[in-house]
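Protein chains in written order, with numbering that gives the first Met the number 0: chain A, 0 to 577; chain B, 0 to 184; chain C, 0 to 258.
Derived by calculation from the structure, the hints in this document are not laboratory data.
All C-beta atoms, glycine included, are put in the ideal place defined by N, C-alpha and C.
Among the hints, erroneous ones may be present.
Which chain C residues face chain B? A few, computed with CB under 10 Å, are given here [unchecked claim]:
1) R97
2) I98
3) G100
4) T114
5) P198
6) V210
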Amino acid sequence: MPTRPRFVSVTPTADTTALLSLRDVTITHLESDTPTPSRVSFDVRPGEVVLLLGPSGSGKSTLALAMNGLVPHAVPATVEGTVRVAGQDAATATVADLATTVGMVFQDPDAQLITGTLLDEVAFGPENLALPVDSVLARAETALRRMGLWERRHDSPDTLSGGGRQRLAIACALAMGSPVLVLDEPTANLDPRGVDDVYAALRDVVAEGDRAIVLVEHNLDAAVGLIDRVIVLDGGGCLVADGSVDAVLRERAEELHALGVWLPAATLAALRLRRTGLPFPRLPLTPAELRADLAGREVPGVASLPRPSTRRDSAPLVRVAGLRAARGRTPVLHDIDLEITAGEFVAVVGANGAGKTTLVQTIAGVLRPPRGAVRIGGVDVRRTDPRTLARHVGFVFQNPEHQFIATTVFDEIAHGLRRQRLGDDEVRRRTDELLARFGLADRADVHPFLLSGGQKRRLSVGTALVGGAPLLVLDEPTFGQDRARADELLSLLDDLRAAGTTIVVVTHDMQVVAEHADRVVVVDEGRITADGPVADVFADEAVLARAGLRPPPLREAFAGVPGFSTVVRLRDLPGGDA
Amino acid sequence: MAPASVLSTRVLLVCAAIGVGTGILGGAAGWLTLAVLAGAPWAYGLVLGSHVLPGIIAQQVVRRPWVALVTHVLAALVASAMAPQWTFRFLGTALLIGGIQEGVAALTRYRVWAPARFFISAVIVGVVIAVPVWFAGDIASLAPLARVAAVAISILGPVAWTAVGLGIGSGLRGAGVARGLSTPR
Amino acid sequence: MTTATSPPRTGALADLNPLAKFAAPAPAMIALVFVRDLATPAVFLCLAYAVLLLGARLPPRALGILVGVIPLAVVIVGVGFAVWVDPARVEGTPELVRIGGWSLTLGAAEIGLATGLRLAAIMALAFIGGLTTAGEDLVRSLVQQLRVPYRIGYAALAALRFVPRFGHELAVIRQAHRVRGARGGVLSAPARWAGYVVPLLAGAIRHAERVALAMDARAFGARPDRTERHLVPWRRRDTGFVVVFWAASVAVFLVVLPL
Ligand SMILES: Nc1ncnc2c1ncn2[C@@H]1O[C@H](COP(=O)(O)OP(=O)(O)OP(=O)(O)O)[C@@H](O)[C@H]1O
Ligand SMILES: Nc1ncnc2c1ncn2[C@@H]1O[C@H](COP(=O)(O)OP(=O)(O)OP(=O)(O)O)[C@@H](O)[C@H]1O
Ligand SMILES: [Mg+2]
Ligand SMILES: [Mg+2]
């Protein structure tokens, strides 16, 4: 049984050598009644690499912004307690002054671009400090070289890949000369190759040892090799753990798991196996450690659960034949053939720009396919008007806000029913029913834009479903969301699928694919390069590598372990719901 | 005080975002001008009236000094990038209309944001732009009925567009945009 | 439509200070608003064309505007405007065309043509700056010469960068609304477009707020001045260009304008 999270109430005395020093920091956003974070104290010293963990809404981003004074100087909020940045009180210093100590990298690479070329972008910070031109250029060159971007200095940042743009953002922070680097989920929007790219760059920075790093990250599998200290907030924004990786991630893993914080896949697997009586004196954090722990041990058999069977014999629900598509004048899809059977859960994966969005949008009729190329339930998507099409397929856009057309949550759902010319009572009954099912009943009169991120996503799924379509297509539904919300959505999808809905999902998260899908379609440069059951596709390393993908961490962990080599899902492991 | 020092980066960039949206509309209005002058010169006021939008939306979303003028100038720059032939017209109307909207707001010491206040500035804008419309469109040479229509529409155009702008601004407030920007410091 | 970001970087005009290119034709443009004859706008139209064609190597689209759009505008505005001219003013001038009860007189056609030419001349003069200047350079010269606060200058640069993003977002929102089955048809088009406005602006404002945080985090606005690596100087040739252009404008008005 995990121990209850304890409050750590040690308040170390102020440390004058600390770069960052937080004492009893409590932050309340404007128009919010509960403070997140709440009474948080810690120090960051030169050279440390600190991971800040916590469930969604615990105040990690807020705390990160407070570290250079953006909260409260740029984002309206009340800050109690003190934040000291290299000895300066953040409450009285200007953000511009603090910026020379704390550099920031945010989640969305596009929202950090200000100028037209890489060089101008990196020079922007030093220019603001009114440094002489020579030293601006010198700093820019050093920072760009460290991130491996110097050769591309005259290019527009728009031509970089997502990972490249995040490396540019790191270069910009380095050029400020700040001894502390704060990164808030720097890889949330990237494909697997982009994530590797960013972490390779960060490893270089750490290797030089001249900066302290504070990292907010959900993707622990990528981060765990880099960090040496972990700070954990609970749902209420209180500090519950602060210590070395061993002391927190390994020793208090059960506790963190109970908090809803995501852990490395190898750790989760070990927690699960531990339930079956298999001892793990020291929990593994990486696939290699897990493999080492399991080597030569007697392991209970793997109860590889059968995946829900699909009726292969029935006629396919979706039939794509010889599909070509172009964006503007560039051909994006070449000769795609694809069949999807009713009741399947299909994941579409591939690198950024491979054509996944184009493929699923063409299938759902968001982009118009050529005649006869796409049929859903026998009807030609090209020749069907949107109203009829809505009864065959529902599409969920990456950004739910794009798709909202009404001013209340209720009307948003009711819109789809009214279009079917149902009576008012019927519309009300079915809308209330759906809102209740999605946990939105108490938000019925709220403007859709005022919902939380997770609620917005559920509402957008609801709008796509309400037409009664047997096929639901979702474009990166877990994009930019934390684990808790992603899991909530994915179990919703599992339920829908159990009730007979066919589901197609585009995603970059291979573990999501492994856990939920039964079939994977790999898109690479506009062609389908692999299509088959999840286990088979993930076993084919060559195809994955060519498409810029990597197998899910669990598979990596169990590769070559006797009796486990087919495991890709947590639920394949014995040990119940770990 | 220089406007830049009372405007935070956040306010400035929110103005930029509103300026882009309305500036694109302004650029489109610029190209539409030719069609209107060819087809119905007396309706020119309706096109010119759309230039009130940047300030109205900005003041409705961000209730602070200077936002109307700044948003107008940014919108004019964006519109000029789209329809470079009207750079002067865009900058001129931006300074004129933005100035009037700032002036009316300043007279109420940035405390009154009732719709009536916006319509007062709309009527003033209408009267003031009727003059350039008269000369630039050579309204004097038109048939009497068209002349009356031209003057009436010059005044009604800004009023109608003000109503549109208020609607958009309220929609944005309803969507919870730019919270915390309206509290005066 | 020209893009703000990729102007032609060749030709003598491209090397002038943007402000010079806008200041030089300004007096003539303002005066043209009050002119009513045919010859003055025609001369200025030719002058502007000469400056543009000799002074800049224009991209095809800009040439298309000069060769296609402007002449077409003269004709269409000329004819269209003539229709609305007060018949009483042009009584006694010979009839050119008669359709049913309506007739186009020479006087009306002249007023129409004058209006068309006047507009064309004003537009062509504005193109001297408009088609040969990058939006970024214009903003920089506003900051460097006219002392516009650099914070506003950067807001303007950010605005120019938001433009393509806006177009992309609009396309996505339109698709999304179509899939949701927002009503089709011509009659409901205004309602449909109204439905795009709030999501579009709300998205743009949220994005702008995030960009603002990123700028503040990099010490934007730290000092009253910031290092400027891209200088847009005002040189002797800029003064020369403005003076010569003003002199030419005065000369045209003195010689051509009937008093
Ligand atoms: N600008 C804001 N105005 C009002 N409330 C806010 C604002 N930003 C965040 N909040 C609220 O403050 C709380 C903490 O948010 P924060 O973004 O810091 O959480 P987080 O730990 O970073 O979560 P996530 O993992 O989802 O990124 C949440 O309840 C959130 O709704
Ligand atoms: N609206 C558009 N106009 C022009 N080209 C586009 C457009 N949208 C996408 N493209 C291009 O088409 C190609 C495929 O894009 P698509 O969005 O389908 O890729 P994706 O696999 O979904 O990538 P991501 O993982 O980044 O979402 C890319 O090269 C992209 O640059
Ligand atoms: Mg966060
Ligand atoms: Mg995509």
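Do the hints match the structure? See the list:
The interface hint given for C:R97 is broken, as the beta carbon of that residue sits about 18 Å from the closest beta carbon of chain B, more than 10 Å. Checking C:I98 against chain B: minimum C-beta separation of about 17 Å lies over 10 Å; hint violated. Among the interface hints, the one on C:G100 is violated; its C-beta lies about 15 Å from the nearest C-beta in chain B, farther than the 10 Å criterion. At about 5 Å, the closest approach between the beta carbon of C:T114 and any beta carbon in chain B falls short of 10 Å, and the interface hint on this residue holds.
Interface hint at C:P198: satisfied, since its Cβ lies 8 Å from the closest Cβ of chain B, which is below the 10 Å cut-off. With 10 Å as the threshold, the beta carbon of C:V210 comes within range of chain B, its nearest partner Cβ sitting at about 6 Å, so the hint holds.
Going down the numbered hints, you'll see the structure goes against 1, 2, 3, while the others check out.
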